[in-house]
Amino acid sequence: NNGGKEDEPKTIKIGLSGPLTGGAAIYGQAVKNGAMLALAEVNAKGGLQLEINMQDDEADSTKADTAYDELLDWGMQVSMFTVTSGAGTGVAPRYDEDHIFALTPSGSATTLVYSDTKVYETTFQMCFSDPNQGVGSADYIKEHNLGTKVAIIYKSDCVYSTGIAQKFVARAGEIGLEIVFQGAFDDSSATDFTTQLQGAKAAGADVLFLPIYYEPASSILKQASDMGYAPIFFGVDGMDGILTMKGFDTSLAEGVYLLTPFAADATDDLTVHFVTEYQKAYGEIPNQFAADAYDVVYALYQALTAGNVTYDMNAQTIADIMIAQFTTMTFDGVTGTSVTWAANGEVSKAPKAVVIKNGVYVNAE
Amino acid sequence: MEKMFKKIFDKKHISRTVSYLIVIVGYIIIQLMMNTVGIKNLFKSLLVPTCCYIVAALSLNLVVGVSGELSLGHSGFMSVGAFAGILVSGLLEPYLAMGWLRLLIAMLVGGVIAGIVGLLISIPVLKLQGDYLAIVTLAFCQIIKSLLNNIYLGVDNNGLHFSFVQNKVVLSNGGRMLLSGPMGATATTRLATFTAGFLLILFALLIIYNLTYSRFGRTIMAARDNRIAAESVGIHIRNTKMLAFVISAILAGMSGALFGLNYSTLQPAKFDFNLSILILVYVVLGGLGNMTGTIFATIILYVLPELLRGLQDYRMLIYSMILILIMLVTNNQSLKEKVEALILKIKTRFLKKGSVAND
Amino acid sequence: MALLEVNDINVYYGSIHAIKSVSFKVNEGEIISLIGANGAGKTTILQTISGLLKSTTGSIIFDGKDITQTPAHKIVYLGLAQCCEGRRIFQQMTVLENLEMGAYSQPDSTIKENLERVFERFPRLKERRRQIAGTLSGGEQQMLAMGRAMMSNPKILLLDEPSMGLSPILVDEIFDIIKTLNQHGTTILLVEQNAQKALKITDRGYVLETGRIVKSAKGKELLDDDDVKKAYLGG
Amino acid sequence: MAFLSYLINGMGLGSVYAIIALGYTMVYGIAKMLNFAHGDVIMIGAYTAFYCLTMFKLSTFTSIIISVVVCTILGIIIEKFAYKPLRKASSLSVLITAIGISYFLQNLAQILFGTDPKVFPELMRNSTFSLFKGQLTLSYKTLLTIIACILIMIFLTIFVNKTKTGKAMRACSQDKEAAQLMGINVDNTISITFAIGSGLAAIAAVLLCITYSTFTPTLGSMPGIKAFTAAVFGGIGSIPGAFVGGLLLGIIETLTKAYLSTQLSDAIVFMVLIIVLLIKPSGLLGKRIHEKV
Amino acid sequence: MTKLVQYPSGAYVLERDAYSTPVLETYHLGIDFGGLSAVNNFNIIVGPTEISGLIGPNGAGKTTVFNLLTKVYQPSKGTILVNGHDTSKMTTVDVNKAGVARTFQNIRLFEKMSVIDNVKVAMNNSMHYNPLSAIFRTPKYYREEKRIHQKALELLDIFNMSDLANTEAGSLPYGAQRRLEIVRALATKPSLLLLDEPAAGMNPNETKELMATIRNIRDKFNIAIILIEHDMSLVMNICEGIAVLNYGRIIAKGTPKDIQNNPVVIEAYLGKPEKED
Ligand SMILES: Nc1ncnc2c1ncn2[C@@H]1O[C@H](COP(=O)(O)OP(=O)(O)OP(=O)(O)O)[C@@H](O)[C@H]1O
Ligand SMILES: Nc1ncnc2c1ncn2[C@@H]1O[C@H](COP(=O)(O)OP(=O)(O)OP(=O)(O)O)[C@@H](O)[C@H]1O
Ligand SMILES: [Mg+2]
Ligand SMILES: [Mg+2]
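Residue numbers (the working numbering), protein chains in the order written: chain A, -7 to 357; chain B, 300 to 658; chain C, 26 to 260; chain D, 1358 to 1650; chain E, 593 to 869.
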């Protein structure tokens, strides 16, 4: 009927925004790599064809807003939401209002899926939410008797870090875990941690909880070792990646616990496949961001296929199908098996505690 | 006839009229387009922030260009205005349904509070000179950011709850967090409109121009050109500079409030040193004291990175190269001379024609 | 032979044509004066010779070399020094450091001897050699500017209003110094508002009006010239 | 004893600020410009040394030398292409250009070296020694940084005040035209200033990385601002001032974190800075230049 | 030439000023710069309509005296009375409001502003409208601006500069800049005008014109003028009283005649008189 085949869509358009430049670009780049790897694999299957458009948002909520509009103009049908929580919080209400389905790989704040007053129907998470991690960590430390006096060092200008720390502290109070020291740092003081470490040491902390990303964590490990302070370090999923940092002396991380859904050294087929392919494509070992992004694409693919979504459907129709799928389906990926989603969008997967031994993750159980 | 041409060519008049005209015509065109052919979502979403940045840049130009003091902390005032505005709007929401009125009140309150902060800051700031002044404004911006990153403020039936520590704010059922540390303000009702932005620009231009071309503007510029001489003719330098500083803070606060109410989430980290610098770039590129130029520079430089989106990772690299090139080209002496000569030519031709017609 | 030869130079400030086809000569051992009203272009000519400004046409020959396109900092090494209008001393350096800078183009071994010479002419500078130059009085700064120019022991010295702001005694002294310098072999190109005094010690003078040379004659002749008297000598 | 060890930590942090501040102040003092790209030159220095050490397996000494050379050349290139054409432009235009250069270097590094953090190889093993029966540990790195800082400060002070080139630099900073009339090649002199400032950046980079090991392309921006603050704190343009300012800033920051608040340390540090500037409006060691009227 | 009479304090003033409060009195005025006593025990009394000269060798402390009078420097010792009021607590701004205006040895104009705006700045304190009035352009704003515009033009006319009104001050020729400085100082309605080397850089013709104008200003505005000048033709012609400064101290005071023939002054400052002319 009309001009030619060219106008007919031949892909499902998936939007994504994340930091590609600026200080948080590491995370955006990792997500991009993971997503692109999965995209190539999925499209190679020859079934439903997907297309991803990633916009730079510099991890800034106002820029994410603009990026969202750019994606709308492009004709986004489904979304991978944003990479960071801060950026995602800003656009979550818009996804909800416009009724576009969005599954974030790594935006872990609860504010991405619900606010104080309402649940965003169309937004879902692939990663653990911050409260999960905070509560999970506190419980694990208590149950396994890792220590009696806990210190925390967190990043006060980071939504992710303060979110986890906050829940950890609250949970610790509930279960009777003694917190002896809380130290903060921020962007402009993210190199020198000796003062906080000394504070923790002086308070007699035997467990140091680090709800932060691996870059500052590596400095903390080093500086603690330099000053001869050796508590049990306990990290969260942001800690993943520390072993693969170029030039990092892995002996520093010996004995570090972390709660993570993904371990690059796992031996299951999926992980092995993902890690080898990733290394082939990008020459480095994937971290948890890349893994979550990889899973997001597969999860979307699974739901799109199961829901019989076609190229010409509009975003709103697709959203209804996806919501129905996600609240009922089970997904197996590199960051967890038998993964399910609650109606509010939070993911449910088993956090794995691992401990680093001889430079590799070992199941802590 | 000649007189008329001379008047039109009089720099003051020409630039003032041009700025008002550009703003009004621009607004009309965009409105027409929105109502007829429609514009892309991307551009629609850039309209309000562009207006905010224009006002921020105009107000900074009052300090940097007209008053001659380098301020590296302008985003601090935007920040104060933004969060004050969001709070006011949030608190009024249950009682006042009219969005535009809430927006207006929020902007006014944002402006006033930023103005008060500006007044307080100006006391230490204006005791200093040059780069020392610059560093104190920068310090101020850092302080604001650092404080806001650690403020937890919530409201429930028992009123406001405030703390510097995250877990201390416990709200009863139905309570809402207004500010939550680095997360800032979330779930804000978006009230900002392009029309509000347009009116704010006009308001800013009105204040800045009318102030500049009055006895206050003269004293501000005199204090800039020669401090000692200004004092010797009875100009109180500090009061003078303070006026510029506070007015600039008020306008920045208003633009911040509008900016804040354009998004459902706003984090304090947004208003960092880099934003101050960005606004400063608009000012310098637009020309010190040149308001029309500032408007253009802001539009171009704010929209540019968005146009470069297709370049992905290379976006900011290209942007920085363009920035450097623009600075080099606009400061190129020989180029400038050529342009000047051209303008002179046109001017003389016009004047001659004018006088001939007159004879 | 002419030590300095200026042929048909034109200088512009943007679109302002400040110097219009100016040509003149300074012979070795002479004292030459340029006189003219405020804004006539005297300073501009000196700055063009010393290389700070560039002429769009013509040539400047110094000591047999074409220096039209030579950058200012190289011209100094050829033996040409300028004492600027408005002193232009290094405000935040000490008096002594200022003088050392004057000898920048000279081998270090000559500094001491030159310094002696300057201090002999300006004892006040010796007294104040550790003072920060910017805090000197106007007249002291003028002495410093002269002294600094003398430090490079130049073949030709361009002086731009050296007597400005000096007390009557010092004005006389400055003109004496100029004469003495000249007698010791330094050629002088002098720009002065104080035309009366300048022309008295001048061999030849040029009268400048809005960027053009309108008259040139022996110093004594100019002193008696009615037009010059009326315009520049207040007679 | 705790206080003392906090003090020493503070000095360690401060000496890193100081060494960057010295570069700032050096360029500011002569070229009268805030070289906001200084921090990013440091970043380039860090990557150069890193790759020399890890990829090319060069010795520590050779790596440092290469890094110094690369930074020096980079400094000269930046000066030639970006700052020199702006000699006659307003200082603000130069400031903005410097910021442009800073963005450029950061983004270029992101593309060239990737965004993932790198860990600098351990150059000094077994690096602490104890005093007072182990109650006070002091790392050799801190000691090294402080000593390097003092040496550089002394070198710069002597260079700028006593050598002919140094004096020529100061002359250029005060009156470029008059300096030319003295026979000083202004362009070369300013190039030398940048060369020295950038060479220092490489040394700062290595010291920074020895102390804080992890680095990314944004390495330069944070210490850049802190060091700028330190330079102003000590009196911008004053070389000993940069040293004292950096050291004090580090100590204040550490003590604030230790005794007042880790969360609000930034706010408190900057508050202290404002108060100090109110008492000494031209920084701790800056000379108040009285304009002669 | 007018006669000088003695005040009870012993100071000499013009006879016509003898029965009114002096516009300026200084007692034991002094300042040190790190050991250098730039001005020391400086005492003068200036009557309300006197043109007096302050001369002395370079570095004698003349400009410093002006800086002390206008509080650019705070005196280390002594008292300054302006129209009988003690100025010890005043700033530069207050001193100007009390009636002292000055020019500078190194010209200090508001270079990027137009000539007329330079003058208007100085009239700022006699304008009465507030910022709101300016922003919303009330009738009062227009009234005041118009009034001041007229006045500024009138003042510029003293030096025939009203046609330069819209030129940028920094681009004026040197001589015009000096004159503009004087107009600007006058615009603050001073009772005492301090001129620091007004004729520097002017040629003899311009100097002559300036001389006439200074006299005119005094007659028209009825104010006192102190001028620092090295051009003796100007000083000796228009000053009614002269003080000579050397090494920060007054070494002679009196009428031009007294000074010209004072051997101490000749020795320290004037040098041997010119042979001809
Ligand atoms: N930097 C400049 N920009 C524009 N015009 C200038 C500049 N410098 C000088 N002029 C103009 O060039 C002309 C010649 O100026 P110049 O300074 O050479 O005069 P002069 O004879 O030395 O005067 P004076 O006696 O005042 O020193 C004047 O009309 C002046 O206004
Ligand atoms: N801020 C200062 N610091 C140190 N010394 C100063 C300062 N200001 C002036 N002096 C010194 O005080 C003395 C008097 O200076 P002043 O400028 O008053 O001289 P003057 O009489 O005006 O001389 P001239 O006729 O040359 O302008 C000079 O020796 C000068 O070096
Ligand atoms: Mg001249
Ligand atoms: Mg003087």
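FYI, nobody ran anything at the bench for these hints, they're computed from the structure. Honestly, I wouldn't trust all of these hints.
Said to hold, decoys possible - Restricting the straight-line Cα-Cα distance to at most 20 Å, the calculated cross-link-like pairs of lysine to any residue (SDA-like) are:
| hint | chain 1 | residue 1 | chain 2 | residue 2 |
| --- | --- | --- | --- | --- |
| 1 | E | K704 | B | N509 |
| 2 | B | K339 | A | D90 |
| 3 | E | K689 | B | N509 |
| 4 | D | K1533 | C | L248 |
| 5 | D | K1498 | A | D90 |
| 6 | E | K689 | E | L673 |
| 7 | D | K1445 | E | G762 |
| 8 | D | K1644 | E | K800 |
| 9 | D | K1498 | A | I167 |
| 10 | C | K255 | E | K704 |
| 11 | C | K137 | D | K1519 |
| 12 | B | K637 | C | G39 |
| 13 | B | K467 | A | I167 |
What the hints assert, rightly or not - Which bits of chain B does chain A cover? Going by a derived footprint, with three or more residues having C-beta under 8 Å, they are:
| hint | segment |
| --- | --- |
| 14 | 312 to 318 |
| 15 | 337 to 344 |
| 16 | 412 to 421 |
| 17 | 528 to 539 |
What the hints assert, rightly or not - So, partial list: chain C residues that the calculated Cβ filter (under 10 Å) puts toward chain E:
| hint | residue |
| --- | --- |
| 18 | I60 |
| 19 | G164 |
| 20 | I202 |
| 21 | T205 |
| 22 | L206 |
| 23 | H209 |
| 24 | G210 |
| 25 | T211 |
We treat Cβ as the ideally placed atom computed from N, Cα and C, and that holds for glycine.
Verification of the supplied hints:
Straight-line distance between C-alpha atoms of E:K704 and B:N509 comes to about 19 Å, which keeps the hinted pair within the 20 Å bound. Proposed proximity of B:K339 and A:D90 is supported: the alpha carbons are some 16 Å apart, at most 20 Å. Taking the CA atoms of E:K689 and B:N509, the gap is near 27 Å; set against the 20 Å cutoff, the hint is violated. Annotation: proposed proximity of D:K1533 to C:L248 is violated, straight-line Cα distance about 38 Å (limit 20 Å).
The hinted pair formed by D:K1498 and A:D90 fails the criterion: a straight-line CA distance of about 56 Å is larger than 20 Å. Proximity of E:K689 to E:L673 is assessed by CA-CA distance (about 14 Å); at most 20 Å being required, the pair is judged to hold. Restraint check for D:K1445 and E:G762: the C-alpha separation of about 17 Å stays at or below 20 Å, so the hint holds. Pair hint D:K1644 plus E:K800 does not hold up; C-alpha atoms about 43 Å apart against a cutoff of 20 Å.
Using a Cα cut-off of 20 Å, the hinted pair D:K1498 and A:I167 is violated, with the two alpha carbons roughly 42 Å apart. For the suggested pair C:K255 and E:K704, the alpha carbons sit about 34 Å apart, so the restraint of at most 20 Å is broken. For the hint linking C:K137 to D:K1519, the alpha-carbon distance of about 16 Å falls within 20 Å, and the restraint holds. Under the criterion of a C-alpha separation no larger than 20 Å, the hint pairing B:K637 with C:G39 is consistent with the structure, at around 9 Å.
Under the criterion of a C-alpha separation no larger than 20 Å, the hint pairing B:K467 with A:I167 is consistent with the structure, at around 18 Å. For the segment 312 to 318 of chain B, the stated coverage by chain A is not satisfied: 0 residues place a CB nearer than 8 Å to a CB of that chain, which falls below the threshold of 3. For the segment 337 to 344 of chain B, the assignment as covered by chain A holds, since 5 residues bring a beta-carbon within under 8 Å of that chain's beta-carbons and 3 suffice. Counting residues of the segment 412 to 421 of chain B whose CB lies closer than 8 Å to any CB of chain A gives 0, so the stated coverage by that chain is violated, three being the minimum.
Closer than 8 Å: that is the beta-carbon criterion, and the segment 528 to 539 of chain B has 0 residues meeting it against chain A, so the requirement of 3 is violated. Evaluation of the C:I60 hint against chain E yields a held restraint, the C-beta minimum of about 8 Å falling below 10 Å. The restraint placing C:G164 at the interface with chain E holds, with a minimum CB-CB distance near 2 Å, inside the 10 Å limit. Violation of the interface hint for C:I202 is found here, the shortest Cβ-Cβ separation to chain E being roughly 14 Å, above the 10 Å cut-off.
The criterion of a C-beta within 10 Å of any C-beta in chain E is not met by C:T205, whose closest approach is roughly 17 Å, and the hint is violated. Among the interface hints, the one on C:L206 is violated; its C-beta lies about 20 Å from the nearest C-beta in chain E, farther than the 10 Å criterion. Hint status for C:H209 relative to chain E: violated, with the closest Cβ pair at about 23 Å, above 10 Å. Contact between C:G210 and chain E, as hinted, is not supported at the beta carbon level, the nearest pair being about 27 Å apart and thus beyond 10 Å.
With its C-beta approaching chain E no nearer than about 24 Å, C:T211 sits outside the 10 Å limit, and its interface hint is violated.
Taken one by one, the earlier hints fail for this structure at numbers 3, 4, 5, 8, 9, 10, 14, 16, 17, 20, 21, 22, 23, 24 and 25, listed in ascending order.
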